Amino acid sequence: MKKIIFLLALYAGSFYQAQTNRFTYELQYRKDASEDYRRNLMNLDISPKSVKFYDQTFAEYDSINKNANRSVSRYSTKTDQVIERAPNSSKNKWYRDFFDYFVVNTNDEMNWKLLQETQQYNGYKLQKATTDFGGRTWNAWFCNEVNIKEGPYKFRGLPGLIFILEDTDKNFIYKLISNKKLSTEYDTKDFVETHYGKSAIPISNEKFNKYIEDIYENPTRMMAEGIKNGQKTSFKNESIETIEELNKKKSMLQNGIKSRYIYIEKDKEPAFKSK
1 MKKIIFLLAL YAGSFYQAQT NRFTYELQYR KDASEDYRRN LMNLDISPKS
51 VKFYDQTFAE YDSINKNANR SVSRYSTKTD QVIERAPNSS KNKWYRDFFD
101 YFVVNTNDEM NWKLLQETQQ YNGYKLQKAT TDFGGRTWNA WFCNEVNIKE
151 GPYKFRGLPG LIFILEDTDK NFIYKLISNK KLSTEYDTKD FVETHYGKSA
201 IPISNEKFNK YIEDIYENPT RMMAEGIKNG QKTSFKNESI ETIEELNKKK
251 SMLQNGIKSR YIYIEKDKEP AFKSK
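Just so we're aligned: 235 in UniProt numbering is position 235 of the sequence shown, and the numbers increase by one with no gaps anywhere.
Keep in mind that the hints were calculated from the coordinates and are not lab data. Predicted, not measured: the structure shown is a model, and the values here were computed from it. Where is the CB? At the ideal position from N, CA and C, for every residue including glycine. Mixed in with the good hints, there may be bad ones.
Computed Cβ-Cβ distance ranges for the label pairs, DEER-style [to be verified]:
(1) Q19 - V72: 25 to 31 Å
(2) G256 - K125: 40 to 46 Å
(3) K128 - N247: 49 to 55 Å
BS3-like, lysine-lysine: derived pairs with alpha carbons at most 30 Å apart [claimed, not checked]:
(4) K175 - K91
(5) K149 - K128
(6) K258 - K207
(7) K170 - K149
Using the sequences and the hints given, assemble the complete structure.
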């Protein structure tokens with residue numbers, strides 16, 4: 001393949017002088033081998049003050065909103081991988097979107113084992129490293145030519161930028177596909193630090209899971225209150241006017257809650273009771 005023309009190596013000495021360098025990864029992910037992959041493009045924005053990782057669609061919608069000078073398009077994460085941290089830090093703010101907007105503070109130091117195995121990728125020589133994180137074993141391929149100790153999601157701390165990352169079951173696969181240098185520090189306050197003006201509520205992962213598990217147990221609760229007050233509601237464009245009609249949708253709503261995210265940290269995912 002043609003060598004990636006964004007010339008990453010040129011950033012090695014003066015990288016942090018730039019305003020924002022955006023690395024875009026293709027993410028393929030699935031629950032297990034019985035499923036087809038879901039696919040998302042993810043941005044890794046590195047600036048002098050912060051490192052942020054999020055669904056690329058947020059930036060696309062943000063561009064529309066900024067051009068319109070108002071919020072005309074909104075997006076919710078499909079990956080549950082909205083992350084912010086300081087440069088050279090493994091302490092992350094993990095923003096979680098599930099009806100309300102939350103932030104979980106985590107410390108994610110990783111112990112990497114560097115291997116001698118190498119491969120070529122788009123003209124770059126990559127070296128292999130492995131680590132255990134989130135209940136999975138991971139293989140990372142990083143580039144010593146690019147002196148940036150960052151990577152997708154919470155993964156960082158290697159002697160160069162992570163180009164390829166995958167767990168050993170290949171349920172999560174990230175591949176670096178492009179990079180561009182932005183002339184200003186990119187403002188993400190409408191979709192990372194807040195969710196379109198809704199402030200992030202600090203919460204522990206345990207309490208966040210309990211919140212989701214409670215919604216799963218009684219997913220019609222919020223809609224039922226409206227119906228009791230004489231309001232109509234709808235589900236998938238179907239009008240619902242009675243509690244009896246709403247209760248018929250309970251299993252469908254639970255399936256939607258259970259399958260909304262494929263949790264990358266499977267040792268931290270909610271425990272949904274079988275029905």
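Okay, the hints, checked on the actual structure:
As the Cβ distance of Q19 to V72 is approximately 26 Å, the hint placing it in 25 to 31 Å holds. G256 and K125 have their C-beta atoms about 44 Å apart, which keeps the hinted 40 to 46 Å range intact. In this structure, K128 and N247 meet the distance hint of 49 to 55 Å, their C-beta atoms being roughly 53 Å apart. Distance check on the hinted pair: K175 and K91 sit about 23 Å apart at the alpha-carbon level, within 30 Å; holds.
The straight-line distance between the Cα atoms of K149 and K128 is roughly 14 Å, inside the 30 Å bound, and the hint therefore holds. Distance restraint check for K258 and K207: the Cα-Cα separation of roughly 17 Å lies within the 30 Å cut-off, and the hinted pair is therefore satisfied. Only pairs whose Cα atoms come within 30 Å are accepted, and K170 paired with K149 is accepted, the gap being roughly 23 Å.
In this structure, none of the earlier numbered hints is contradicted; all agree with it.
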